[in-house]
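K.L.:
In case you want the letters, here they are:
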Amino acid sequence: MSKTLRNIFLGLVLFLLSGPLVVVSGVSLNAKKRLFFPPEGVSMRWYVELLTENSWLIPVKNSLTIAFTSSLLALSIALPLAYFLWRYRVFYARALFTLGISPFILPPVITALGFLSFWVTVGLYGQMAATIISHAIFFVTLPLVTISLGFESIDHEIVEAAETMGADSRMVFRTVIFPMVRPYMISGYAFAYVLSLNEYIVAYMVAGFTVETLPIKIFNSLRYGYTPVMASVTVVFVLLAALIFGLIGRFGDLPKLLGALNPENQ
Amino acid sequence: MIGEKPKGLRAHLTLTYPALMLGIFFIVPFGLMAAVSFFHRQPGGFYIPGFELTNYKNLYTALFGRTLVFSLFVAGLSAAVCVSIGFPFTYFITRMKRRAQVVWLVLLMSVLSLSEVIVGFAWSLLLSRTAGLSNLFVWLGLMERAVAWYPGFMALLFGICYLAFPYTVLVLYPPLSRLDPALPEAAQTLGASPIRTFFTVVVGSLRNAIVAAFVMVFVFTLGAYLLPQILGRPRHWTLSVLITDAAIYQTNMPLSAAMAIFFMFVSLVLVALTMMIGKRKRIKTV
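Sequence order for the protein chains is G and W. Note that this note's numbering numbers the first sequence so that position 248 is 248, with each residue one more than the last. Remember, this note's numbering sits 266 above the position in the second sequence when you count from 1.
Be aware that a few hints might be false.
To give an idea of the interface, some chain W residues facing chain G are shown, with a C-beta separation under 10 Å as derived from the structure [as the list claims (entries may be wrong)]:
(1) P284
(2) L288
(3) R364
(4) L371
(5) P460
(6) L488
(7) Y491
Here are the simulated lysine-lysine pairs, DSSO-like style, with alpha carbons at most 27 Å apart [to be verified]:
(8) K61/G / K33/G
(9) K363/W / K256/G
(10) K3/G / K363/W
To be clear, the hints were calculated from the coordinates, so they are not data collected in a lab. Quick caveat: nothing in here was measured; it's all calculated off a predicted structure. From the three backbone atoms N, C-alpha and C, an ideal C-beta is built for every residue, glycine too.
Using the sequences provided together with the hints, build the complete structure.
P.N.:
As structure tokens, then:
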């Protein structure tokens, strides 16, 4: 395709992708409690309010706690499963893998309703533990896929060499396999972490009235009128996501994580 | 050691924990939801175990039918928009240098991770009267005064496409980046224009990937839940809204479970149909 046409097209996509974010960042700087763009006056008070008002601080803490623990839990489920599947190619491991990626393929409301029925029956409806476990299962797909990619990238000859030199399977795992898979674990964890922070419907269904997460808080305040704090939360979220994915892009192999085969590195 | 058969209990110990977690917290909830759809509603409470088809019979209402058709229509339309913009876009990205690719991918991942509520809020601002795009048009002299462009169907469509676009690119990225660069080059050496090369060689050889992407994005957008409430009017509410509403506000879990099961069934059938059409086309061309 001709270069100019291509650049116009890419520019348009960039404009549409960043447009809403630019407006939100502008609005978050308004000096008065109104939503204007360009902002009228510049102030950081909405960022300060986010970090000082309890009504915002509690959801921030909830969201951070849930994201931190649920992605750790997701990682702990994904690692042994991906390892087992890579080491022994048996059909039931493959079936479990498919099961692990299915929450991501179904419309989320269905999975969320399943969780709701479960927690109501078990009697943990409304508890933070319910949100944490539900998120861990809901996002297990991400570490599962990235870690599996990591295992696939291990050269079998290296493992064989370690075995020839007398390492047992535990030692091979600890000294050879684990260090090679670690970057993929970190990326998988980061993906799950960011998405858990932003997840709404599962958190809402499972414990929306008692454990308020940030997305729930934003939607609730959207219903009862605007405040620029919502814009400042959004900016913080975008920056956090950009930072985490930027780090993965800088230190990891983002194209490969997303499924590219890159011959230039081989 | 790789590829051998697992022997004995000890080897299987590794798999026990993930199997238990997925079994207890994914299969059981799913089965339970299916069971609840046959249970009896207990007003004020959740449900009384039993077996009845009342909940499925209660689905047969004008509201449910209209909402189902609307949800499928919006999802289909936005999936079509996303794939037709996303496909050339992803193609351009995969032909870029590695560094430029990473920058675009970081931007896309950041947008992808945004919560639906944040996307809805951002678009409601962008389309609003006081802070919106129409102010820019007024300033440029294209419009007389600023107007609000939401709530409405177009606002909803924009929001959903924004939400689904990064996902579309992510689905299309692996097949496109694995496309042999020699293919389009050969076509151009043989005299095809770049645009013709794109439509015949690139689109042609990746038809299956396009159909698969369409299906994935379709299912993804079926899940839109907050955007219809933020950017649309009540008549634009989707099935996800209706299901949640029945479960949380009417505390009618059996009905909402029946809706969810029916919803899942319809989406699976549609996905299977699309896949079949995609396959048949391929056989014709070969």
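K.L.:
Classify the hint on L288/W as holds or violated, based on whether any CB of chain G lies nearer than 10 Å to its CB.
P.N.:
5 Å, holds
K.L.:
L488/W was flagged as interface toward chain G. Is the shortest Cβ-Cβ separation under 10 Å?
P.N.:
5 Å, holds
K.L.:
Does the structure keep K363/W and K256/G at a Cα separation of 27 Å or less?
P.N.:
14 Å, holds
K.L.:
Verify the interface restraint on L371/W: the C-beta must sit less than 10 Å from at least one C-beta of chain G.
P.N.:
5 Å, holds
K.L.:
Do the numbers back the hint for P460/W, that is, is its least Cβ distance to chain G under 10 Å?
P.N.:
For P460/W, the interface hint holds, since the closest Cβ of chain G sits about 5 Å away, which is under 10 Å.
K.L.:
Can we keep the R364/W interface hint, with Cβ of chain G closer than 10 Å?
P.N.:
7 Å, holds
K.L.:
Take a quick look at whether K61/G and K33/G sit within 27 Å of each other, Cα to Cα.
P.N.:
25 Å, holds
K.L.:
Does P284/W hold up as a contact with chain G if the rule is Cβ-Cβ below 10 Å?
P.N.:
4 Å, holds
K.L.:
Is the Cα-Cα distance between K3/G and K363/W 27 Å or less?
P.N.:
15 Å, holds
K.L.:
If you take the shortest Cβ to Cβ gap from Y491/W to chain G, is it below 10 Å?
P.N.:
Cβ of Y491/W sits 5 Å from chain G, so the hint holds.
Every hint from the earlier list agrees with this structure, and none is contradicted.
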